[in-house]
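Colleague: Based on the provided sequences and hints, a complete structural model is requested.
There are 2 protein chains.
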Amino acid sequence: MIPVEHALHIIDGTVVAEHIKKVKIAKSLGYILAEDISAPINMPSFRQSAMDGYAIIWSDSTHYTVTEEAQAGDAKHIPLQAFEAVRIFTGAKVPDDADTVVMQEHVTKQDNSITITKMPNKGSNVRPVGEQVSTGDLVLKKGLKLNEAAIGFLAGLGIKTVAVFKTPKVSILVTGNELQKQGKPLKEGAIYESNSVMLKMALHRFGIKHVKVFHTKDTLKATKKSIKNALAYSDVLLISGGISVGDYDFVKEALGKNDVDELFYKINQKPGKPLWFGKKDQQFVFALPGNPASALSCFYVYVLPLLKKCSGYSDYHLPRIQAKSDTEFKNTSGKTLFLKACLKDGTVSILPSQQSSMLNTFATSNVLLMVPEDVEIIKKQDIVTCINLESYGN
Amino acid sequence: MIPVEHALHIIDGTVVAEHIKKVKIAKSLGYILAEDISAPINMPSFRQSAMDGYAIIWSDSTHYTVTEEAQAGDAKHIPLQAFEAVRIFTGAKVPDDADTVVMQEHVTKQDNSITITKMPNKGSNVRPVGEQVSTGDLVLKKGLKLNEAAIGFLAGLGIKTVAVFKTPKVSILVTGNELQKQGKPLKEGAIYESNSVMLKMALHRFGIKHVKVFHTKDTLKATKKSIKNALAYSDVLLISGGISVGDYDFVKEALGKNDVDELFYKINQKPGKPLWFGKKDQQFVFALPGNPASALSCFYVYVLPLLKKCSGYSDYHLPRIQAKSDTEFKNTSGKTLFLKACLKDGTVSILPSQQSSMLNTFATSNVLLMVPEDVEIIKKQDIVTCINLESYGN
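Line by line, the protein sequences give chains A and B.
With the UniProt record's numbering, the residue at position 216 of the first sequence is 216, and numbering never jumps.
With the UniProt record's numbering, the residue at position 160 of the second sequence is 160, and numbering never jumps.
No lab work stands behind these hints: they were computed from the structure.
Careful, some of the hints might be misleading.
Since the list gives no way to pick one copy over another, a pair counts as held whenever it fits inside one copy or between any two copies.
Within a straight-line C-alpha distance of at most 27 Å, the following computed DSSO-like cross-link-like pairs (lysine-lysine) qualify [said to hold, decoys possible]:
no., residue 1, residue 2
1, K181, K24
2, K145, K228
3, K145, K21
4, K209, K21
5, K27, K181
6, K217, K181
7, K181, K145
8, K217, K160
9, K221, K76
10, K160, K187
11, K344, K160
12, K22, K209
13, K380, K76
14, K27, K166
15, K27, K142
16, K221, K160
17, K280, K221
18, K270, K118
19, K257, K279
20, K212, K27
21, K22, K212
22, K141, K27
23, K266, K118
Modeller: Structural data, given as structure tokens:
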């Protein structure tokens, strides 16, 4: 049995292969950028009017004759001479000969003549070529998580595809003879299988949409074969149940027979003590406890960071927040506790049902309050560490 | 021109219709539950062993004869008499006659006999029927956002479908003759169209996957017709550009001709001053500024709350956080400012490029720092209000 921080250290120490793919920008949401992006064009790529108004060659005169009109999107070349003005709109190309745009609010117009009531400085309201970005500028760095703003920005540069880090292929293997599918009345002694859909949803939320689910009977032979089949498909395999020390828990032995090397087994924590983690070449395997809330707690603390690491994140642990506890809680277990809790306005409340089989408490919690193994009591008003469960979605 | 808080008040005051649909639980991630859920079964539904060990009829004796074995999932009835024990595993059905489970660590075994070295209290390690949840209990309330834990819990209850609030059908109408599609070199005077993909990604992130995009030329006739077509498809229509006061901005007039009633137009804010919001029967329309960063800022502050409201959220504004500014910033505009900023460990830094056309600043910001219209200066160490942009994903 190892301490939590030691297990996290082992996750941190794993070496993951970088897998990169090119995707259309409209398919890149939530991925980590795997290349530096240099601007392929100037932004703006032409001298652009920043206002609705009149383009002129700046002079001491306040009287100009309006000769033409330049609308946004117009490509035509508009010649301009001294004391002439071109009616112009925001975003339109400023005529090559013009050096200044006078905003329409500072102009009075009569027929084709304008009088400027407030003369701007020479050069005003003309956005120079490359004002925002010049061709070749490094504009987005490798490692950035692509959100709607980054993708919109790429589109504005005319970029259609980008290199991103692939997310790993994940499969789930469910063990347990007592498990029954939804849809029929429960048989005597059976329970409905829920861990596969729970883990699938957790993976979906992170952005891994295609997840293959395998089931096995609780025999060594069947477990061994199912692990082999699941490994053939996956970069990361999550096994649910069968990792405790009961006579019918065959997962550990079956992993050994599939040449998956153990990196850790059993953590001094509650829930989730029997968590197993191992590696076979470039593949990783987690064997999670069968109790739903234990499995989910292990998912947040250990599995998700590894998945994020494999997906190109440099900051891959869920963020920790300091908060004030409004609940007194005793820890007589000598273990690190992960308590389902609710954080609001800097104050955290420990929720009533903490049993490892109770998932509904997780449904309403937004943090895991972490009680270190050597802390025997949390008093009201104590500052505690919480793991933020809200910020991992796409 | 109205103040920001007035515009938000108008959003708050909108009455939205509730649209409900039944979905399979595996398709319910991120939706708001539209019904109270009562447990259809007891959990556990049978007396369940909490340990690996031996089931007995409690007595003063420490010697018992092992007669049978009960594995998790076994349905068979196992008769048991005084001084007999049944080998049992975690999760298995406790024989009807047994009242206590002795954990295996407190037993020594020889052939078919066991000696109990530490006798537990009568009734120990037997989870009674309905210990977690009893049939009929209200277990999840209408209004809950369905996450992986809630969905796993529903699966554990054997529930296959749930009623959720539908998300609205959204379409985007893009205006602007200067806009060009990606894929070809930029024409003189043109810019690449980016708002549609940016808004689409923002909608995807919220969970609205099917978004129809319309384009129109900048004439009143074309704009009017495009709005009509787009309205035929959508519950919420987002129009990009054409809402300023230039001679070629036809959106406001075209909305009027489509009988969309104005709820507000122009907000005393920067960026995003020309934002227009209106309603036609049960449909809502936002006309967003054409500048990408202005449009996105308006999306976060006004559009997203309305979309969340339509999707059953009771708490629909992006959360506001108080933080300490590490930047000095002057506000001489008399407007409310939404500044792209980066919040870390309680300290917020205003990012350098705040122009309304610059999207890449948004790509690296995680909050919008809100400067009220009557605040002229933010000093270092001042406590400021930030809108959290990180927590709206699915």
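Colleague: List, from low to high, the hint numbers that the structure doesn't satisfy.
Modeller: Violated hints (numbers, rising): 2, 11, 13 and 16; every other hint is consistent with the structure.
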